[in-house]
Amino acid sequence: MQSDTKAHVDQLTSPAGHPVTVLRFEGDIASTSKDAVLGTYQGLPKESAKLVLLDFTKVDYINSSGIALVIQMLIEASNSAQKVYAFGLSAHFTKVFTMVGITKYAGLFPNQFEALAAL
Amino acid sequence: MIAAKATTVEVRLPSRLGYEKVAMSTAAAVAKLMGFREARVEDLKTAVAEACINAIEHGNRLNEALSVGVVLNAGEDSLEVKVIDDGKGMKGLPHKPDIDRKIHGEEDPRGMGMFLIQALVDEAEWVAGANGKSSYVRLMIRLDKEAD
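Chains R and E are the protein sequences, given in the same order. When we follow the working numbering, the leftmost residue of the first sequence carries the number 56, and every step to the right adds one. When we follow the working numbering, the leftmost residue of the second sequence carries the number -1, and every step to the right adds one.
Keep in mind that the hints were calculated from the coordinates and are not lab data.
With a straight-line cut-off of 20 Å between C-alpha atoms, the simulated PhoX-like cross-links for lysine-lysine are:
| id | chain 1 | residue 1 | chain 2 | residue 2 |
| --- | --- | --- | --- | --- |
| 1 | E | Lys94 | R | Lys150 |
| 2 | E | Lys94 | R | Lys159 |
| 3 | R | Lys113 | R | Lys150 |
The following label-pair restraints were derived from C-beta to C-beta distances:
| id | chain 1 | residue 1 | chain 2 | residue 2 | range |
| --- | --- | --- | --- | --- | --- |
| 4 | R | Ile130 | E | Ser132 | 30 to 40 Å |
| 5 | E | Ala37 | R | Asn166 | 18 to 28 Å |
| 6 | E | Glu8 | R | Ala146 | 28 to 38 Å |
| 7 | R | Ala172 | E | Gly127 | 45 to 55 Å |
| 8 | E | Ala27 | R | Ala136 | 41 to 51 Å |
| 9 | E | Ser132 | R | Asp115 | 30 to 40 Å |
| 10 | R | Asp90 | E | Asn61 | 20 to 30 Å |
A virtual CB, placed ideally from N, CA and C, is assigned to each residue, including glycine.
Just chain E, same shape as in the assembly:
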């Protein structure tokens, strides 16, 4: 089944770790319907999971009264995913983890989520919401007709 025109799927998650897997499964299902090959579906799953984890932990600070919105827009040749939280937005841009510095205790072993997101999708941007709320990360993954 190929999406002939834009199709939107929305999921709302509680701010509880583990529920990122619901968004991950939904994104994978949409990507498979669009015809993405398996390796790209796996890339998308990890990117969406990490975006949701950031939203749950850092955006909504694990406040279960707040939810994380996940909006998937399936176009003809690309899938856009927005992950929306009630935080002030991410500070700074992703940096490539330095494994040597981590092993020698000079860099936190954690903090790889944003790097993975950026590395696994075709486009990633972090947008701070007005009034310090409704910030989001927008991911874009393209259906590569040559490779797919």
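Bound-form chain R, shown alone:
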């Protein structure tokens, strides 16, 4: 019933010249998304992937279990001196992420262009 979560990784360079690792998600982000969300993140090389950008453009449904996976990622990123940012959230999920405090640890941007420009 829940749509599978797909994830893939892109390597980009910000206009300022910093390497940025983009995790692009597709489908639902829910309790069944652990491998796609945490597994994909944990497969990144911690030494080189210092700027991580999460792309939620193709995500329609995020529930509290999915938010918990994002928080688990932020915990690991905090312990690995990585910085995490996100873009592509709907207005509603931008509000939800703000309500639960995620914005304190992950900057949110409306789109990839604005995110990269800030990194």
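We have chain R; now place chain E onto it with these hints.
Frame of chain R; chain E shown alone:
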């Protein structure tokens, strides 16, 4: 289409994660028929989904022999949603998640469902059923004529 008098819609879900989306879609359809603006429909969808997830996971403990009842009562200026399970009811009241404590491993990263429910609707109450069964959460979202 505006509901001139109370209209009731009922949905019965299997206790299987993912089926909360059926209740979510139904609630959204009713709210749109009542004239709720899009942002409030999104609030309702998340609140109803979280209430159903709690009922499936904690109330019915993922027992697929049990079902979750969702009753939507559309009034003239508000929508009430009851999500009913066979559990003993939720213990305690929702607390605001502390992101700093979560990030530092002092608080479980999970456990935000009840907080989201309470934060996104106008009223939320958790009622323990008699004999430890038929507990429910009741949500109320009002059609704000000024804003809507």
